[in-house]
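Peer 1: Here is how the chains run, residue by residue.
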Amino acid sequence: MVNFKSEASRGIALSGPATLYVGLLVAAPLAILVAYSLWTQTYVSVDRTVTLANYREAFTDPLVRYLMIRSVLIAGAVTLFTVALAYPIAYFIALKARRKTLWLLLITIPFWSSYLLRVFAWKLILGFNGVLNSALLSIGVIDTPLTFLLYNEFAVVLTLAHAWAPFAILPIYVSLQKIDLSLLEAATDLGNSAVQRFLRVTLPLTIPGIIAACLIIFIPTVGDYVTPSLVGGSDGKMIANLIQVQFGAANNWPLGATLSLLAMMSVGFVAIVFVLAASGLGRRIR
Amino acid sequence: MTRPSGLAIYAIAYLVFLYLPVLFLPLFSFNDGTIVAFPIKGWTLEWYRQLGGQDALIGALMNSVIVGLLAATLATSMGLFAARAYVRYRFRGKKASEGLVMLPLVIPGIIVASSMLVLFISIGIKPSLTAITLGHTFLALPFAVSILKSAFDDFDPSLEEAAYDLGSGVVETFRRVTLPIVAPGIVASLLVTFTVSFDEFVLAFFLSGSETTLPVYIWSQIRFPAKLPNTLALGSLLLLASVALLVVAEFFRRRSAKSTFGGSK
Amino acid sequence: MTEQNIIQLRQIEKRFGKVVAVSKFDLDLRAGEFFSLLGPSGCGKTTALRMIAGFQEPTSGKIIIDGQDMDGIPANQRPTNMVFQSYAIFPHLNVGNNVAYGLRGKGISKAEIDTRVAQALEMVELGGLQSRGATELSGGQRQRVALARSLIMRPKVLLLDEPLSALDKKLREQMQFELRHLQQELGITFVMVTHDQYEAMTMSDRIGVMFEGRLVQVDAPPTLYAKPCNNEVASFIGEMNFFPAEVKAEHAESLTITTPCFGTMEIERNPNVATGGRAIEVGIRPEQLEISALEPEGYDATTQGTVRNVAFYGENVHYHVEVDGVKKPIAASVPNYFHTVDYRQGDTVWLGVQSASVIDLGQDQSKS
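Protein chains in written order, with this note's numbering: chain A, 1 to 286; chain B, 1 to 265; chain C, 1 to 368.
Pulled out of the complex, with its shape left as it was, chain A reads as follows (with noise of 0.2 Å):
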């Protein structure tokens, strides 16, 4: 509103409290997270030598390697499942619904209730004497329940997939709303197809939407501990499982905290190595 200089110094005393309260709650635990890293528990105290030990025992434990990959791969095919299935009803809500903020709204509707809740109803239904087996018992599908639903990757990745649904579809459908239909129509003009149309113009035009939608997703489910704690069972298991249980019942801060650094550092290469494949990939296709 009045000459540069006292409009950036407005700007950075309003974003002041929010961009410090956030930076300092990041950088403040990481930081401490790194000395605690380096200590190592003894029986009731925190030895406070500084030694690379939790590393070696990270690095050389076959179960925390085990369970690492694992959520790594989890959270990939939860992404890639929950991505896929998104993706036409983003396309459907941007380019062909008639009520778009209806269907966006009921797409998120679901996504406010509480996390907690919703996994807590796929262990109901996905149990041995759960809602899906006895349903099917008692039309005949099934003369015994099956055991395979419940307490498993699968049940993992169904439960995930269906929690990060809304996460999915908005950043797509973001990227569908801004293209220029008139681009469309161009496509059409010059001879493409419907299915060549969407090949060369409409996808490419949204890998931003996908690359954000799949880091979205990927991220916070790989450190997810809710999911596999409840549906799980012990062939489900992840990563959060084992550090909540240094905080918790093992009492092992130090590698605790190895391990939350390790399990964000793999996130973080996983995503780097994602995104340039992904928009490498963007470039080839037109």
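No lab work stands behind these hints, which were simulated from the structure alone.
Ranges between beta-carbon positions, derived for each pair:
no., chain 1, residue 1, chain 2, residue 2, range
1, A, A186, B, R88, 34 to 42 Å
2, A, A186, B, L7, 17 to 25 Å
3, C, E268, B, K95, 58 to 66 Å
Which bits of chain B does chain C cover? Going by a derived footprint, with three or more residues having C-beta under 8 Å, they are:
no., segment
4, 152-161
5, 172-181
In the DSSO-like style, the derived pairs of lysine-lysine whose C-alpha atoms are separated by at most 27 Å in a straight line are:
no., chain 1, residue 1, chain 2, residue 2
6, A, K178, A, K96
7, C, K18, B, K95
8, C, K156, C, K110
9, C, K327, C, K227
10, C, K62, C, K18
11, C, K248, C, K227
12, B, K227, A, K123
13, B, K227, B, K41
14, B, K227, A, K237
15, C, K328, C, K227
16, C, K62, C, K156
17, B, K149, A, K178
18, C, K156, C, K24
19, C, K156, C, K106
20, C, K18, B, K94
21, B, K41, A, K123
22, A, K100, B, K149
23, A, K178, A, K100
24, B, K95, A, K178
25, C, K328, C, K248
26, A, K237, A, K123
27, B, K149, B, K94
28, C, K248, C, K327
29, B, K149, B, K95
30, C, K227, C, K24
31, B, K94, A, K178
All residues carry an ideal CB built from backbone N, CA and C; glycine is no exception.
Dock chains B and C against the given chain A, drawing on the hints supplied.
Peer 2: Relative to the frame of chain A, chains B and C by itself:
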């Protein structure tokens, strides 16, 4: 428009997939039996009636409400200032600041929870409702900022100039023009951030001391099959509350968009 | 005149970092005149207006309104009011409360406010619409509310930032007339910013033309049209054919020149242009050229050419005539008296012009 397209059918099937699992909770909360399975034995309100007598539950509920109110207020006030700065002013580091504030959305919950725990212990804050409130404010901030940013986006800056031009000072302009126009956005932000806090589990689970919140209480009940019907009833009420809050928030958000000419169209 | 100058701008300058939005200019506005700042977008005219309103502080220079130095006086205490380009109608208030906005909280009685609101709405022909919601108004109504809301403050100067640009063509023409009428009736100084030359010419007593932050020429519309101060102004306002010319002799009131196609003639000196140099540029408005199949009689200069393009505008017809020795085809405009288009592409035609219609535009800038 003669027949629904394949896409429309898919979209409806997708909605069923989204809603059906969640709807089993309220359905079986009225079931006159203790296992969650078909066929339904009969209908009862007994499980809801029993909720009233559970002191631990009422305590957890009160805690959740207090934490939610505090976190919503803190996040919305910080978000209000930040959103205004992002929409109105150009300044160095704006992009970085905007990105940073959105960060809580994408950090895995377990990492936020464990790192907050070590931070709070290190600076002498014991696991407590205070710790949970601070953590929930952190998680709710991105929601507040994005809702309020869109409220300011629809706000023509010359409205404030017009007020100023007609003789109002800075404070009067805020009270008579800015606040009434942004108010629906503020209400929407309060409701949404409250809901985020009210439903949050992992962080509260890590940061709970002797006092705990409702989702952590529910977690403790899930393990006991005998308590299952009560948990279902409680969960159904919670779902209802969340959805009601969201619908009200959406109403206010729409109103904020509609109050400016032409709105989004 | 000085005591009648309601606004005096002295060496006003505005820089944004290294960019100069408004470069030092002086301007005196007379009490009760309708003044327009005209220029292409980005020329600094809106910045100049906002400095008068107090929304932007000049980097240097003085703004004096009604004899008072405005340095340090914020927008809410200046005797000016503004009609914004977007109209800035408060969406949460109805029409009456929008108009009453500036009067509230000033210790004015409710009855007095109501009366003045009613009067202001009558004035803009929205009488009785007090309780209409702000979001239910059409574009034209919003503009009227914005006007009433400013005028109720009884400003010494009303500032209008592109007030008609959001309206469609028909409504815009009607509002041009009404705004001018309102200004004359109230006798308040109006300062309008516009990029539309027709709007500026039809409404204003005087126009200030701005290019790239500079105030280039200030004059009444007819003078601006007949005696533009350079090539830039001449081509921005109306249409103009440009010709290079050589000065053969200089006299007190006139110049003897030769042009490639119209030969030698004596034209009036233009007091608005910088003099000097033998190579000058002259301009002829398309409607000042006679076009005919035979050589027209009674004209100071004639030339022959070929019709390259015919553009039919309805009220007149433009012929673009290619003439030997002139780079661009010459545009000649003929009023459409008889609903006929007399010449076709390829026809050979004569052009005639009176030396009084040839405008001296000063030193040829393309050659310096």
